[in-house]
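**Q** Listed here are the chains, written in short residue letters.
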Amino acid sequence: MPSLREPLTGILLLVLCASLSAADDARPAEFFESKIRPVLIEQCYKCHSEASVKAGKLRGGLKLDTRAGWQSGGDSGPAIIASKPDESPLLKSLRYDGDVQMPPGGKLPAAVIADFEKWIRDGAFDPRHGEALAKTGIDLEKGRQFWSLQPPKPHAVPERASVSQAIDALVQAKWGEKGLISSQLAEKRTLVRRFTFDLIGLPPTPQEVDAFVNDTSADATTKLIDRLLASPAYGERWGRYWLDVARYAGDQAHTFGTKPKANAYLYRDWVIKAFNDDMPYDRFVRLQVAGDLVPDAGDLFTKLAGLGLMGLGADYYKNTAREQAIAEELDDRVDTLTRGFLGLTVACARCHDHKFDPIPTEDYYAIAGIYNGTNLTTAPLVPPAEVNAFERARQAVKAAEGRADTFLSDAGKIAVQSATSLTAKYLLAAREVRLSKAAAKALAKQRGLDRYFLDRWVKFLDPANAAKAPAAFKDWFALKATAQATEVRAAAESIQTKLAAIQIPDAGGPKKVKKNGNGPSGDAIVKAMFQDKDAPFYVSPPEVERHFLDGDAGQKLAAMRAEIEIAKKAVPATPLAAHVLAGSGRGMNVYIRGNPATKGGAVPKGFLRVLGGSDRRSADYTRLDLANAIASPENPLTNRVIVNRVWAWHFGRGIVNTPSNFGALGERPSHPELLDYLTVEFVKNGSSLKWLHRQILASKTYQLAAREDAANDAKDAANQFLWRGSRKRLDVEAWRDSLLFVSGTLDAKTGGPAFDLKDADATRRTVYARVSRHELDGLLRIFDFLDANVTADKRNVTTVPQQQLFALNSEFMVNQAKAFAGRVERLGTTDAERIAAAYGLAYNRPPGRREVEMAEQFLKLPKKPGDNLTRWQQYAQALLASNEFLYVD
Amino acid sequence: MPTLPVFSRREMLSRTGTGLGMLGLAGVLAPTAAAANPLAPKPPHFQAKAKHVIHLFMNGGPSQVDTFDPKPALTKYHGQQPPGTDLKTERKTGSLYKSPFKFNKCGQSGIEVSEIFPEVGRCIDDICVIRGMHTDIPNHEPGLLLMTCGNTQPIRPSMGSWLLYGLGSENQNMPGFVVLCPGKPVVGPALWSNSFLPGAYQGCHIANLDPRQVIDHIRNKHLSADTQREQLDLLNGLNKLHLDRRSGDDQLDARIQSLEMAFRMQTEATDAFDVGREPVKVREEYGKGYFADACLTARRLVERGVRTVQVFYGSGQPWDDHGEIEKGHRNKAKDADKAVAALLRDLKRSGLLGETLVLWGGEFGRTPTSEGGSGRDHNHHGFSVWLAGGGIKGGMTWGNTDEFGFKAVENKVHVHDLHATILHLMGIDHEKLTYRYSGRDFRLTDVHGTVTKGILA
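If you're matching them up, the sequences are chains C and U in order.
Going by numbering that gives the first Met the number 0, the first sequence opens with residue 0, and the numbers climb by one from there.
Going by numbering that gives the first Met the number 0, the second sequence opens with residue 0, and the numbers climb by one from there.
Quick caveat, the hints were computed from the structure, so don't treat them as lab data.
All C-beta atoms, glycine included, are put in the ideal place defined by N, C-alpha and C.
A portion of the hints provided could be inaccurate.
[To be verified] One-sided excerpt, in silico: chain C residues whose CB lies under 8 Å from chain U: (1) 662; (2) 774; (3) 781; (4) 799.
[Unchecked claim] Covered stretches of chain C, going by a simulated chain U footprint (3 or more residues, C-beta under 8 Å): (5) 100 to 114; (6) 397 to 408; (7) 598 to 611; (8) 869 to 880.
All chains should be built: construct the whole structure from the sequences, respecting the hints.
**A** Here it is as structure tokens:
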């Protein structure tokens, strides 16, 4: 509002001029120059000046080196209100009064702060001209010109060329530009390994290798690819890639206040099934964002289990800093959603407009609003009638249990009531037992008392309990052993009178006592008489059963127990429920600097404006609207991003090598025409991932040998331009699964609850292992599995000794070595035959002459005392631990 | 020429942003397999004062007014509620509660230390007590996370991981970042997480100090060392044949070397954790129990070039004395005092203190007001930690809390400032140690942190 401020400043200056003419004080200019300006320069300019803007060190969006700077102020508004020291945030922070305390190195001396107060009160005279910080508006139209926000362009290919041939042509065009020479195609034996590891995460069997090598038909490769894509193992391999993006895990990082998500595996299984079913990608997006709202979603599992993407999202520890923690949870949703599907780092715009991409802060809060106030909850995957039947059956069990409890409780209460009316008798008898060691059994019989209660009274009246007994017992405990019978009787009757005034609580524990029923002192005596475990008139339900049920009552109870058992048997299995996120949120205010305590303007819910989300912002905007905006064929990012991900998972690097960042700070595509072409064709072909795999794998580009070449290396050592095949290290899942497969121990069971990798005997595929945000399994961690607290685009590949300790020493490896040795032993009668069989299984090739020699030499070594593995088992372990097992050409 | 290094050169440079691009340059440009090792030592930004950090983490939050921040006014106003003592913390607290402990002037410097830390008091001339610490949230989990990772949520790498990423490790046969804690502190592994940094920078948590069990799979239970050597020779032979057919692929060579490193680690790491090899006299000096052994192990580890050792006082949150603080603090200090002082003296004797930065403290402090009559609540407004060794001025205090010890008021040091200072002492500019992730250059100190220059030697 500069138009308002300018005249105001004018008026202030007039006032100042008036006071100047009075000349009764230091002149404002002089005061400013001597007292204020030096302090500003010394203490503030480092972070609040034009120079700091240039150095990238400006803090809080506030400049203090011009008058306009403090007038328009920083992120939280004007810094100084002239003439109003107490309303000026700057003075407040100098006083260290509040959250912002300046300068950060320590409070200024009181005299200096007093100078600032005076300066502001006197009108904040400031002769410094110059611009305030220019508020950088984001130019959306300009932003849309960025390559990734432009619609993908179709690419004209020769009429009869296949998509695979078009891929090759576009890749080879780059070789020409860069002066790279092509490698040869890989041998068939290498290719069948590459295809198989790549599509299903396991090696081929020797038979499969032979079949492919001997198949000379034109469509041998197509048949192989189709067979692999049809295997359920395909979804297990490729679904796992998506689970990295989805930061899938079955728990939370925190210790307090979090529950494990017992059914997290349903989301994992949903993803695997979606890949195996070749679910169109736009549907894959819609169902994960808003399956509950998609009209034609199909069965409940398909409709709801994909919601685990957010349903398993971060659930942070709240307690004192609740607002902050909720803000962080929203960040998790927005970050996973936008990086995962759009390749945009929208979460960067949480505290300020995005510094590099056309994403204003309001856009972050427009999306965050869709998740603001939503719940992480569960949704049953069976029809409501089944859920109701289950609930009814459980209620029936509860009701039956309740009847038995009440029956026992009532019986106990009756026993206690009748005993209470004999309190004085119990006291006297107990005293006799204590003093004269009279036999309780006989005494109880003689006086018509219950032995059960008498025993408890005897214990209760132990003089050691005198101090903690209720006040009513003060006189009783004071009685001497020699006290007169009348005195004793009087004390006993007095207690009985007091107890008679108390309403006896239900038996079976203090939780049933009505609070304040007898006032505070009454409560104490109720507890001490009837409810404490050592109270004389306390009787627990099992004791009621043991001491106070006659034959009839006993039979009634038995019948009730039988009813409970029948009811329990009638309860159906717990209905399966998926972890989901429910609701469509509510619009929220911008949090200035990301701080929930400083709220800015309200933003209606909606989508990114640069992607056309400005028109539809409203309070009614739902998650389905969001899902549709992402999955829309008009969205230039969504399809590009998934095509690039698939490419990256095949080649080890993407056409855009920052698969979750297609913004200005991400890398530019190495083959932009190729990415656009594939994206356009992908959408034309039903957004089918299997279609995309077929085109890529059938290309020559994919089938090149992984052979180094000195001349090419000098130009493109990283193989960015795909002049050769990439040798890839197996990730931990494929490595462990292949060890099991080759050893013959792999359990091919699919789906269901997770197993624990700590179990060295576990033999299911790694995708079914438990993934923890709290403590990632050691095997996963050392082999570069990612922290599941945040969405991830690609794994690092590191080589550290802890990995090799696992290969050399773990029980898991030893188990596989034993199994592999056993398997190979059955496949031959001589060492030579067995060595050949081992090579066929582990490396899909016959051993070389030198390799056979080395093996035979090793196997001849005598077994050393104390070794628990045979030489064959040791050899088998070496084959499994080798580089050839770990790296695929 | 390298063809497929474990990190490609380009990737390394793009990941490391501007600052560490310089920092890691020497290692990245060397076209050897060593360059592929993410733990290879890297030069700091500038001359470092310290090469190692030992963080003695008093998890649960010790009370400053009962340890290193004496407040006579608490005695004077005991049982009263003067203005300024109703600050919000986790729970409701009542009136001021005087320290049950006496404070004694210690050392040449005469700094007052609580009677429950007599031995540490004798080392006070090597120690700088920071009395004006403050943090953000008075709950354990966010407090622990902020102190270890610079963020209140479990989404950032820990300081130990950052240090390993920035500086590498001096000993390739040992893990570079070791966390010692019997059981687990609250929050647990997120406190030593590598988060988005590569997994090689994760802290190695050791709950059981038995040298044969310290590191996963450190021992082969089936083969003698001789046989394993024979097996590894065979494996090396096979791997070399494989490599020969692939014209010197760096990543293949790196793994061959890594296997040898693992073989050596089996003996070297086991030795390092074997406190039984220390003279009886030294062991007696440290005392008995996990914490004492962990302190002694910390010395043995930094001696061998481990970059960061974090010793948690115990499982859970032992210093969290909401009730009966007198008894609770006295008991815990009894263990801690002797072992901590022994560590300082031992490091000094062996000349390691000069290059080892020791940090003692919790995730926050406690209220000077009472909770339930005999305890104290969490307090993020003000607390004390202390530093000793590498580049720290000893025998001084820095900053102050208010007259009751509730809130830091003078020369305040936020946790981010503490991190900036520690990195500075390790030769790292905290604004330049960055990692490009999710479209942003991340730092341990986020957008905060000022080096506390006044405590530097």
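**Q** So, for every hint listed, does it hold in this structure?
**A** Outcome of the hint check:
For residue 662 of chain C, the interface hint holds, since its Cβ comes within 8 Å of a Cβ in chain U; the closest pair sits about 6 Å apart. Because the beta carbon of residue 774 of chain C sits about 4 Å from the nearest beta carbon in chain U, less than 8 Å, this interface hint is met. Taken as an interface hint, residue 781 of chain C checks out: its beta carbon lies about 6 Å from the nearest beta carbon of chain U, inside 8 Å. Given the 8 Å rule on beta carbons, the hint for residue 799 of chain C holds: about 5 Å separates it from the nearest Cβ of chain U.
Look at the segment 100 to 114 of chain C against chain U: 5 of its residues bring a Cβ nearer than 8 Å to a Cβ of that chain, three or more, so the hint holds. Counting residues of the segment 397 to 408 of chain C whose beta-carbon sits less than 8 Å from any beta-carbon of chain U gives 0, not enough to reach three: the coverage restraint is violated. Remark: the segment 598 to 611 of chain C is not confirmed as covered by chain U, as 0 of its residues place a Cβ nearer than 8 Å to a Cβ of that chain, below the required three. With 6 residues carrying a beta carbon less than 8 Å from a beta carbon of chain U, the segment 869 to 880 of chain C meets the three-residue requirement, and the given coverage holds.
Hint violations for this structure: numbers 6, 7, all remaining hints satisfied.
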